[in-house]
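Visitor: Using the sequences plus the hints, can you model the full thing?
Taken in sequence, the protein lines are chains C, A, R and D.
First residue of the first sequence: 1, per the working numbering; consecutive thereafter.
First residue of the second sequence: 1, per the working numbering; consecutive thereafter.
First residue of the third sequence: 1, per the working numbering; consecutive thereafter.
First residue of the fourth sequence: 1, per the working numbering; consecutive thereafter.
Keep in mind that a hint or two might mislead.
Unchecked claim - A few chain R residues facing chain A, derived, Cβ under 7 Å:
| id | residue |
| --- | --- |
| 1 | CYS18 |
| 2 | ALA120 |
| 3 | ALA124 |
| 4 | LEU162 |
As the list claims (entries may be wrong) - Beyond 12 Å from chain R on every Cβ pair, some chain D residues (computed):
| id | residue |
| --- | --- |
| 5 | SER46 |
| 6 | VAL51 |
| 7 | ASP53 |
| 8 | VAL58 |
| 9 | ASP63 |
| 10 | GLN73 |
| 11 | LEU111 |
| 12 | ALA120 |
| 13 | THR121 |
| 14 | GLY135 |
| 15 | ALA138 |
| 16 | ARG139 |
| 17 | THR157 |
Hints were generated in silico from the structure; no laboratory data involved.
Glycine included, every Cβ here is placed at the ideal spot set by N, Cα and C.
Protein chains: 4
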Amino acid sequence: MIILNGASSSGKSGIVRCLQSVLPDPWLTFGCDSFVDALPKKLWSSPGGIVFDDDGGVSVGDDFRALEAAWTQGVVTMARAGARIVVDDVFLGGAASQQRWRTALGDLPTLWVAVHCDPATAAAREIARGDRTPGMAARQAPLVHQGVAYDIEVDTTHTESLTCAQAIASRLG
Amino acid sequence: MIILNGASSSGKSGIVRCLQSVLPDPWLTFGCDSFVDALPKKLWSSPGGIVFDDDGGVSVGDDFRALEAAWTQGVVTMARAGARIVVDDVFLGGAASQQRWRTALGDLPTLWVAVHCDPATAAAREIARGDRTPGMAARQAPLVHQGVAYDIEVDTTHTESLTCAQAIASRLG
Amino acid sequence: MIILNGASSSGKSGIVRCLQSVLPDPWLTFGCDSFVDALPKKLWSSPGGIVFDDDGGVSVGDDFRALEAAWTQGVVTMARAGARIVVDDVFLGGAASQQRWRTALGDLPTLWVAVHCDPATAAAREIARGDRTPGMAARQAPLVHQGVAYDIEVDTTHTESLTCAQAIASRLG
Amino acid sequence: MIILNGASSSGKSGIVRCLQSVLPDPWLTFGCDSFVDALPKKLWSSPGGIVFDDDGGVSVGDDFRALEAAWTQGVVTMARAGARIVVDDVFLGGAASQQRWRTALGDLPTLWVAVHCDPATAAAREIARGDRTPGMAARQAPLVHQGVAYDIEVDTTHTESLTCAQAIASRLG
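Guide: Below you can see the structure in the form of structure tokens.
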């Protein structure tokens with residue numbers, strides 16, 4: 001299992017697609033975007049669900065947390081059942097978010113990957129994407145890596161996603 | 001857990017969104033579309049993965065089957081961990097596909113739902129959607145319900161998705 | 001040129017895709033959705049642009065109107081230059097919206113099509129689509145056909161998009 | 001009017017969204033992607049329409065060319081009617097493609113922009129996007145700038161879209 005953590009617009013999705021391309025075996029991918037898509041629309045902008053503020057802030061409530069915990073266990077089960085899985089996540093809780101995964105993972109071998117990006121560059125890419133609330137990248141950047149331990153760290157500021165993916169793939173041996 | 005089975009363009013996705021809207025608790029949704037999205041692109045049109053023929057035929061290979069089995073176990077784990085889950089699937093193998101789910105589900109309470117649609121109507125909706133290969137609906141219609149046992153059967157030919165969802169929701173008690 | 005007018009979720013897009021399929025010649029399609037996509041994101045939710053209220057209301061401002069007028073002239077030019085064009089629009093201003101098109105069209109032959117849908121059915125389909133603000137269909141239904149003259153009227157409440165498209169196509173003969 | 005020309009995956013769309021963000025006035029955007037979306041699906045992979053080969057090659061036929069010519073005239077009309085328009089295009093015909101625009105533009109003031117990207121980098125971004133046929137970037141790169149004259153040239157290889165957009169915007173002065 002590979003877990004990528006990085007702020008919004010840091011380049012996680014592009015790296016995931018490149019990993020799926022360069023790794024010889026087939027890897028499934030899940031992440032916070034596919035999880036949010038699986039939620040009922042009424043949890044979007046519900047206090048118990050996930051609220052996207054106009055300034056780029058994201059806050060989540062109890063319903064979100066409960067479903068996310070069950071989802072995490074399910075993704076780990078897929079990996080234990082033999083599927084190779086690459087997850088991209090945004091550790092809004094920093095080290096606590098990593099601990100949540102570790103508890104679910106148990107002894108399952110996992111490669112932890114930091115995806116860094118200079119905040120000004122991420123903010124520029126947020127505008128170029130056009131599908132994210134401006135400010136999200138800048139607000140998440142200082143939070144997501146706090147206290148998190150990694151096996152490998154990549155930085156998309158001056159390095160293409162494909163090159164980052166090749167570096168990650170080479171760590172899988 | 002709720003499992004909907006029906007051919008392509010029979011109206012499963014619309015029913016799922018309506019179920020998420022009308023059910024008071026939050027329900028997560030997964031299905032064959034989100035599973036295929038999670039696959040590496042190189043498994044699309046690979047013999048070991050999933051091949052969409054020009055005439056609407058769909059065939060899947062060993063890599064697909066192995067990942068699907070792991071995914072199924074993971075989705076069941078999410079439900080066992082407390083998440084309410086609605087799955088939409090296309091039982092290309094009919095009764096054998098249901099048995100695959102049953103083995104993974106064990107004693108987990110599950111509502112089995114047939115989603116029917118008159119094949120000519122489904123073929124017309126396929127054209128109106130514009131994002132499916134013409135012929136897929138017609139080819140899958142005779143296969144997917146063979147030997148499958150249901151708790152409730154709905155038909156979208158003359159009934160709106162919302163009405164179908166309300167009928168399903170009323171069966172949950 | 002064919003111009004379809006109907007409220008949100010009345011089924012215009014499905015009819016357009018079916019028209020493009022059943023008509024023997026190639027027809028280009030443009031409409032309010034593609035126009036809104038062409039706007040800068042900053043006009044979405046700007047008073048001068050287009051504001052989508054939480055209750056399904058839509059209001060447009062001066063910048064929107066000015067760009068829309070230029071866009072309308074451009075679409076008419078495409079038709080005059082020989083392209084077959086099918087437009088789907090929402091006449092929020094009823095007869096005044098039609099007059100706006102007529103002024104731009106001049107003597108260009110145009111087939112005017114009403115797309116009706118029972119408001120309760122449209123509201124149900126709005127939930128099934130999941131990508132529109134609930135309430136939009138109900139708010140637009142009483143407005144869009146006021147004082148508008150048509151060559152043909154179709155109703156998607158009990159008729160598939162493909163059948164509606166065939167009826168429209170038969171009027172072009 | 002601003003016309004950007006560059007190969008697939010060279011970064012045109014990101015620059016367009018940034019231009020719409022940084023330019024104080026509202027600018028509409030059209031381009032080859034929105035034009036292809038407006039075509040009937042049956043022209044996709046029809047010899048008279050547009051054919052995307054498995055190796056990234058793109059070829060277009062007579063129906064495509066006729067509709068494109070009408071579309072070009074319509075876009076120019078929008079600009080003459082007062083709309084600010086930014087177009088992103090792929091000049092598969094090089095100088096001949098530019099001449100086609102020039103004929104339609106007449107004396108309308110136009111800023112011509114080259115969007116360059118190192119082919120290896122564009123090919124890497126093509127994999128990271130995951131929605132383009134691999135090979136398209138590499139095949140188009142040597143063709144699209146042949147004999148084309150520009151007012152400004154930007155290169156996305158080492159420069160963010162937002163920075164490129166700011167350079168372009170400063171030329172409008």
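Visitor: With reference to the structure, classify each hint as holding or not holding.
Guide: Checked hints:
1. CYS18: holds (5 Å)
2. ALA120: violated (9 Å)
3. ALA124: Hint holds; ALA124/R Cβ to chain A Cβ min 4 Å, cut 7 Å.
4. LEU162: Holds - the Cβ of LEU162/R comes within 7 Å of chain A, reaching about 4 Å at its closest.
5. SER46: Per Cβ check, SER46/D is inside 12 Å of chain R; nearest 9 Å; violated.
6. VAL51: Its Cβ never comes within 12 Å of chain R, the nearest being 14 Å, so this holds.
7. ASP53: holds (21 Å)
8. VAL58: holds (18 Å)
9. ASP63: violated (5 Å)
10. GLN73: For GLN73/D, whose nearest Cβ neighbour in chain R is about 5 Å away, the distance does not exceed 12 Å, so it is violated.
11. LEU111: holds (17 Å)
12. ALA120: holds (31 Å)
13. THR121: holds (26 Å)
14. GLY135: Nearest chain R Cβ is 27 Å from GLY135/D, so the label holds.
15. ALA138: For ALA138/D, whose nearest Cβ neighbour in chain R is about 29 Å away, the distance exceeds 12 Å, so it holds.
16. ARG139: At about 25 Å from chain R, ARG139/D clears the 12 Å cut-off, so the statement holds.
17. THR157: holds (26 Å)
Hints 2, 5, 9 and 10 from the earlier list are contradicted by this structure; the remaining hints agree with it.
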